[in-house]
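Undergrad: Starting from two chains that each stand alone, build the complex the way the hints lay out.
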Amino acid sequence: GENVEQHPSTLSVQEGDSAVIKCTYSDSASNYFPWYKQELGKRPQLIIDIRSNVGEKKDQRIAVTLNKTAKHFSLHITETQPEDSAVYFCAASGNQFYFGTGTSLTVIP
Amino acid sequence: NAGVTQTPKFQVLKTGQSMTLQCAQDMNHNSMYWYRQDPGMGLRLIYYSASEGTTDKGEVPNGYNVSRLNKREFSLRLESAAPSQTSVYFCASSEALTSGGSNTGELFFGEGSRLTVL
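Top line first, the protein sequences correspond to chains G and A. Using the numbering used here, the final residue of the first sequence is 109, and nothing's skipped along the way. Using the numbering used here, the final residue of the second sequence is 1118, and nothing's skipped along the way.
Quick caveat, the hints were computed from the structure, so don't treat them as lab data. Owing to the predicted nature of the structure, the values given are computational and were not obtained by experimental measurement. Do not take every clue at face value.
Using 30 angstroms as the maximum straight-line C-alpha spacing, the simulated DSS-like pairs for lysine-lysine come out as follows [said to hold, decoys possible]:
id, chain 1, residue 1, chain 2, residue 2
1, G, K42, G, K58
2, A, K1014, G, K22
3, A, K1057, G, K42
4, G, K71, G, K58
5, A, K1014, G, K68
6, G, K68, A, K1057
Excised from the complex, chain A in its bound form (with noise of 0.2 angstroms):
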């Protein structure tokens, strides 16, 4: 049982390259995350999938694209990479379980991604 497991683990782009960063888990979760992390700002979400075959925005979406491609998988494109797109990423998954219309499921992360873009 690997849990969420995102690659890679280390990657460097230039400005104006593209990459796709890959997660998947392993616990049957419905719910699933993408959300940078930088000094000082948190963790800011990038989007979501609540259940397969839906996604939706979260707080910082721009410059990002993301493909739940089956209930284990959740990819996070960048189509031309910033400099501002220089953080470390985590890939996300819970059971989302509802409470009132909220998500009361425990957050299982990935180990990170730190991109860095020239």
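Looking at chain G on its own, in the form it has when it is part of the complex (with noise of 0.2 angstroms):
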């Protein structure tokens, strides 16, 4: 089956940087992308996604990168806000949903 790997587990930034979260998967029949953001005691909510025939995706402060060639993609949120203070995960479809380990992603006011 599919194995999607994400890194950082943790990551800290101040407000205003921009934080980057980095994907890979294995399986090369996976086309569908998507990024999910958890706020904690809640439930995951879709962020952004992007399918194998584009390269990036862009939504006003965050965007996504594909490279099908190295099996890899990542989230890019820029300006950073206390607000986008949350666990992201990374995800791959095949015929199923894989999921990446998660992101702690914490931005310091």
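TA: Encoded structure:
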């Protein structure tokens, strides 16, 4: 089955700085890569996704890049704010979704 | 439109007891999933149902059974609970829009069920 690795496991940044989270996957058949944000005690919610026919996608302060050849994709958050503090999960989808182990992001005011 | 609803939200069991987690979605989604979330382990798939009438094992199915009762409902049963099953359980659903064999529909999660097995 698919194996998704996510780094780093924890990340602290100053407010206004950028944050980058990286994921790799193993199954070349995967072609959908969503990112989920989970606030403490809440359910995961989709923040951005990318499909394999696209190399980059941006939504305001959030962007995702995908390198299918190298089997890795990344989440970029610019101009971070305290409300960006949460756990972020990457996922790769074949016939089902496989998740990374999560990155706990702390934005320091 | 409630989305994905799962019950109960909290449950404490003794080792060996059984229980069923219920999940229902009102978005007319074809696919439904059960995940468990443990610290440092991310979300691990227990079982999924690609469509009504089908169920398949995920990454960590041992100790669990599922039933896709109809298109709306997907239940998870622990027949004989063990302390290792202490976790937060999430039900999810998706449209299951396929693209080259891949599930590319957004996953919608329930609020989670926190289960403690003593």
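Undergrad: For this structure, which hints from the list above don't hold up?
TA: 2 and 5
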